[in-house]
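Trainee: Residues per chain, in single letters:
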Amino acid sequence: MAGIGPAAAAPTAPADRAERNWRRAATWSVNTTAALHVVVGLDHLHHSTLLAAFFFGVALVQAGLGEGLRRRGPQGTLAAGVGGTVALVVLYVVSRLATLPLHEFNDRPEATDLLGMSVVTLELITVAALAALAAERWRARILDGVLLVGLGVWAAWATGILS
Amino acid sequence: MTAHALNRRDLLKLSALGAAAVALPLERVVSAKSASRIASSKLPRPYTLPFKVPPVIKPVRSDATTDYYHIAQRTGVAEILPGVKTPVFGYEGISPGPTIRATRGREVVLRMTNELPARHPRWGYEAWTSCHLHGSASLPQYDGYASDITRPGQVKTYRYPNTQDARTLWYHDHGVHHTAENAYMGLAAQYHLVDPLEQSLPIPKGDYEAPLILTDKIFNSNGEFIYDDNGHSGLYGDVILVNGVPWPLMKVEQRKYRFRVLNASLARGFRLQLSTRDPMTVIGTDGGLMVRPQTTAQLRLGMAERYEIVIDFAKYKPGQRVELRNLGVKNSVDYDNTGKIMAFEVTGPAKSLADNAVSDPDGLLNPQAPAMDLAPAMAVQKRKLEVERKNGQWVISGTTWADVVKSDYRKVVAKPKLDTVEQWEIVNKSGGWFHPVHIHLVDFKIIERNGKAPFNYELGPKDVVYVGENETVKVLARFGPHKGRYMIHCHNLPHEDHDMMTQFEVVGDSEGEGDDPITSAPPYGIPDPLPDL
Chain A
803 MAGIGPAAAA PTAPADRAER NWRRAATWSV NTTAALHVVV GLDHLHHSTL
853 LAAFFFGVAL VQAGLGEGLR RRGPQGTLAA GVGGTVALVV LYVVSRLATL
903 PLHEFNDRPE ATDLLGMSVV TLELITVAAL AALAAERWRA RILDGVLLVG
953 LGVWAAWATG ILS
Chain B
-16 MTAHALNRRD LLKLSALGAA AVALPLERVV SAKSASRIAS SKLPRPYTLP
34 FKVPPVIKPV RSDATTDYYH IAQRTGVAEI LPGVKTPVFG YEGISPGPTI
84 RATRGREVVL RMTNELPARH PRWGYEAWTS CHLHGSASLP QYDGYASDIT
134 RPGQVKTYRY PNTQDARTLW YHDHGVHHTA ENAYMGLAAQ YHLVDPLEQS
184 LPIPKGDYEA PLILTDKIFN SNGEFIYDDN GHSGLYGDVI LVNGVPWPLM
234 KVEQRKYRFR VLNASLARGF RLQLSTRDPM TVIGTDGGLM VRPQTTAQLR
284 LGMAERYEIV IDFAKYKPGQ RVELRNLGVK NSVDYDNTGK IMAFEVTGPA
334 KSLADNAVSD PDGLLNPQAP AMDLAPAMAV QKRKLEVERK NGQWVISGTT
384 WADVVKSDYR KVVAKPKLDT VEQWEIVNKS GGWFHPVHIH LVDFKIIERN
434 GKAPFNYELG PKDVVYVGEN ETVKVLARFG PHKGRYMIHC HNLPHEDHDM
484 MTQFEVVGDS EGEGDDPITS APPYGIPDPL PDL
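Taken in sequence, the protein lines are chains A and B. Take the first sequence: its position 28, counting from 1, is numbered 830 in the working numbering, and each next residue is one higher. Take the second sequence: its position 144, counting from 1, is numbered 127 in the working numbering, and each next residue is one higher.
Hints were generated in silico from the structure; no laboratory data involved. For each residue, glycine too, the CB sits at the ideal point set by N, CA and C. Please note that the accuracy of each hint is not assured.
[Stated by the list, open to error] Just some of the chain B residues that point at chain A, by a computed CB distance under 10 Å:
no.: 1; residue: A(-14)
no.: 2; residue: A(-12)
no.: 3; residue: L(-11)
no.: 4; residue: D(-7)
no.: 5; residue: L(-6)
no.: 6; residue: K(-4)
no.: 7; residue: S(-2)
no.: 8; residue: A(-1)
no.: 9; residue: L7
no.: 10; residue: A55
no.: 11; residue: G59
no.: 12; residue: K313
no.: 13; residue: G414
Let the sequences and hints guide you as you build the complete structure.
Mentor: Next comes the structure, spelled out in structure tokens:
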């Protein structure tokens, strides 16, 4: 007889599972990046409080994004998260290829080290995960924007602007 | 319902930025695998050329108190790469130059003739020189003051008192604005000061003691050196030489060996490690033997720093090869083989086990090293020096050598009183550079590195301190034994030449100034014939 016994658990739809996995990936990558940015900030503390404050600020915002993801914030959060993360990736690339006036004593591009590469890899995972979480019409726009930025970076490198 | 998935097109869109973020910074690293333009087939494979040591020069004559030497600075041709001729500048035409072996208490008089061409044949500068005996408390006029230049065709006689403890010194060029080129061309050599204490200790000597003069070079297709200091930031060669030999192989017996390690590179720092990761024992620093030996598995070595290390090969089997590797330091440019320095091949049992210790039976080496007796409470003055790049120039506390010249050599950053102790704090706020800072005249004690104790291998008398990126180092020194003006500079030689050098003046209470570094013993034209010494 139907309805007797414990109710069977509702099967999880594949779309829900995918959403949950992408959300986990985004939350994990953004929180780990936030922690690594604290490390980066501490590394800069010796010579530039401004730079250190920047990285601590980034860490704080990323921790906020992580919390927003956990609470399933609005679509706008995803778009802002992608925008901010892409900006950080671009800043990373530019700082490794060009000498930025980051502080008074900066006289060459930053060194490409394991910490920086780890952070940027995590940020790329964040961008992908946030894009996947976005609604389809948002996602297309977001990814078109990311494509344009990527092409722009390559163009700047190929033309010698970034060198 | 939204499908949370990325399709192939989405991934392609992402990949433009992803590839840029990963590949472009790495391209910078990967593309820097070699610097030389000579065919790679002309470069020897590491550990295939035999180890050699520079010859020890004999004095022209000796009397009761003094040994007299004559050394000509002249061009020579070296076969550094097999079958390839490389023009060099050398003391006696060889690079590294001949080793001078001096005894404490006996003065050395060194007559140095500049027989170099009026202009460098390729680089065009006037090849003036100034010989600095690095590690010696010489009078100002014999200290190799940068502007006390000996022009081609001139001669200058230097006097070295040799009153300090036994140590590994080196003599190298210090001519203003061309120190880097001259040293790179080969004007550098070791100078060993021995004394009864050092000779009485059961530490390796004779056949079991060797200099290791580390340099790095870039070779042009015709075998000449390429000088490229990257806009005065530093020259990073892709070929590592030990005593003028690329990546040599040294045969060793199963016992302890003592190495007098000198980083004579212009800008490359080294971090030494044995391939076995076994510890090395450090027994001496720039200013001579340490109070007691220290063991370390890694040794960071800035330009001009000297460490005497003992490596024990007793535990290795005959035929076993042990490499001395360079783990590299932050902000040095590394290439394919700059991680390799040299190798040791164990031949078999030792022919002699005499002097096979790292200290005396009490574990001591030089318990009375004067610099190591200094304590912060003895300092009568504290000063701060900032090493930095400002407006495209390398400066020390905002001053350059040009400022010193402009002041008719009067401008100083400090006026310590003779025989007083001062504490100097050297600050490097940059994350992009390290600066090995050399204070002439004195031995100092490193008391603090970024608020912490110095590395254990730095616990000996020093005259160069590695001031790493974002580091602050505190040192104590007793200023003397001479009055006068002496230089302080970065030993990244392109930095020094452009223009990270200034001076301090040791002053007395009332007895007048010290000797003038330029006018007290000026060079003069080489007489013909050259009189006997």
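Trainee: For every hint, state whether the structure bears it out.
Mentor: Hint-by-hint comparison with the structure:
no.	hint	verdict
1	A(-14)	holds (6 Å)
2	A(-12)	holds (6 Å)
3	L(-11)	holds (5 Å)
4	D(-7)	holds (5 Å)
5	L(-6)	holds (8 Å)
6	K(-4)	holds (4 Å)
7	S(-2)	holds (8 Å)
8	A(-1)	holds (3 Å)
9	L7	holds (6 Å)
10	A55	violated (39 Å)
11	G59	violated (35 Å)
12	K313	holds (7 Å)
13	G414	holds (6 Å)
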